[in-house]
Amino acid sequence: MMAMAEMGAPAIKVEEKLFQNRYQVDAGRPHIKIRPHETPSKALLSLTYTCPAGCYSLNDKGQVEITADGCVECGTCRIVTAKTREIEWNYPRGGFGVLYKFG
Amino acid sequence: MIKERFDAIVVGAGPSGNAAAYTMAKEGLKVLQLERGEYPGSKNVQGAILYANALEKIIPDFREDAPLERHIIEQRLWTMDDASHVGMHYRSEDFNEEKPNRYTIIRAQFDKWFSRKVREAGVTLLCETTVTQLLRDTNGKIIGVRTDRGGGTAFADVVILGEGVNGLVGQRSGLRPELNPDSVALAVKEMHFLPREVIESRFNLKGNEGVVIEAMGTITAGMTGTGFLYTNQESISVGIGCIVSDFADNGTSPYALLEALKNHPSIKPLLANSECKEYAAHLIPEGGYYSIPELYGDGWLVVGDAGQFVNAVHREGSNLAMTTGRIAGETVVWLKRRRDEMSKANLAEYKRRLDETFVMKDLRKYKKIPDFLHGNKQVFGLYPKLFTDAAQTWFRVDGTDKRTKENEIFKSFRKGRTLPGLIGDAFKLARAWR
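Protein chains in written order, with our numbering: chain A, 1 to 103; chain B, 1 to 434.
These are computed hints drawn from the structure, not numbers from a lab.
Treat the numbers as computed from the prediction; the structure is a model and nothing was measured.
Cβ coordinates follow ideal geometry from the N, Cα and C atoms, glycine included.
Treat the hints with care, as some may be off.
What the hints assert, rightly or not - Only part of the chain B face toward chain A is listed, based on derived beta-carbon distances under 10 Å: (1) E74; (2) R107; (3) N166; (4) D425; (5) F427.
To be verified - Derived coverage of chain A by chain B (criterion: at least 3 residues anywhere in the stretch with Cβ under 8 Å from a Cβ of chain B; other residues may be distant): (6) 18–27; (7) 67–79; (8) 82–91.
Given only the sequences and the hints, what does the whole structure look like? Please build it.
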């Protein structure tokens, strides 16, 4: 398997991509929650790189955390962890969340 | 609670929901449509290519005012390695016809236009309204929906679910199983803006002519997936998608993959000096025929991506969405006229009608392809590399005689995949394609 570095891709910050997007953030009401855990499963851990909006990160205790503000509501994390039931996923309230200008 | 009772409630205002709602309202049915986004299209993502035929069957004169970008006169299919691509291009003046066959579109704009048509046909549309639950009577028949608008409810004879690939309502109501990460792709895409004359000169176009590129190869880093680049009037849509479980196993982030594609020497000059104005991600149901869930039941029908109606081989989805939506709408109108109940037995007519269309015929034809592509990663990594290497051997003039070059090419294929491997792959593909 080829690593990205070998493909000549520059380091990319997903935040810079998300900066282009429009959101209506539902302050204080995150639509995705991670259930409290000691050690994340392989599936939950994979979200730190599969999430296209980079919402998931590891804290210094080795647990997975989420900041859902940049979420694009694709549902990848929901289906990846469907079996382990480690996250609780709902749509943002009507009107909130990502607002695609072009889609 | 909405006091009024409706003939039908449509969940979602994408292509499938709009097609269903429009078809029913045009025939005089009282239709309520619910959309969770601030405006139709605000949650929707597509490449995007519009297939005229499917829309013509709903709105024959759509070309008069629909926001169309470019009609496609050239299709490029590329297999790529890190430095090269081998392409098959088809360009034809025949595509410069009075009623072009395919157009690039910008979905947020197109969905707003389609939704306006739907409302003009008489549909009541409520945006910023998420359906949270399906309501049933004591016999289990679906009779309405609950929404997050103050917990309000609405009732109808039938509920049509056009809630998209990540449709929670039907799933959480037990109408269909959870998506399988092996048969759903995650695609990411950016919108790059350039002056229209720059796009026209880079792609050899005039007026509203357009080009699409579909690509596979080492760009997906060994995963099952494809990349694309579509020309719009003043922008270029560029994106890449792979199967979700491949991303999880591979350790690659989708945005790094997109970045690598944009920086590929065959793509980079096409995007030079452009301004990116949006980054989007969306799931695509690519499991095909075997992933299609139950499509109807007592008081409900499912249409579009929620029903897994995507032909992954031909990159078709919106036309299947519109066609399933239209046929669901026509079925409901037909039952209504006959004063028949919206029961499971009667709504089976929807599936019977779908079976007669390209939708089910194509998905049935390719039913073994998703498994083939997922289980044969050499199609995405090894073969593109063998093809591009062969092209280089063939075209580089270096004093080596042609027979030696031919032998080198054959040897590279035998070494890369072994003779039984090559024959086996050809056999497996032919059998899956049939």
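Against the structure shown, which of the earlier numbered hints fail to hold, in ascending order? Failing hints, ascending: 1, 4, 5.
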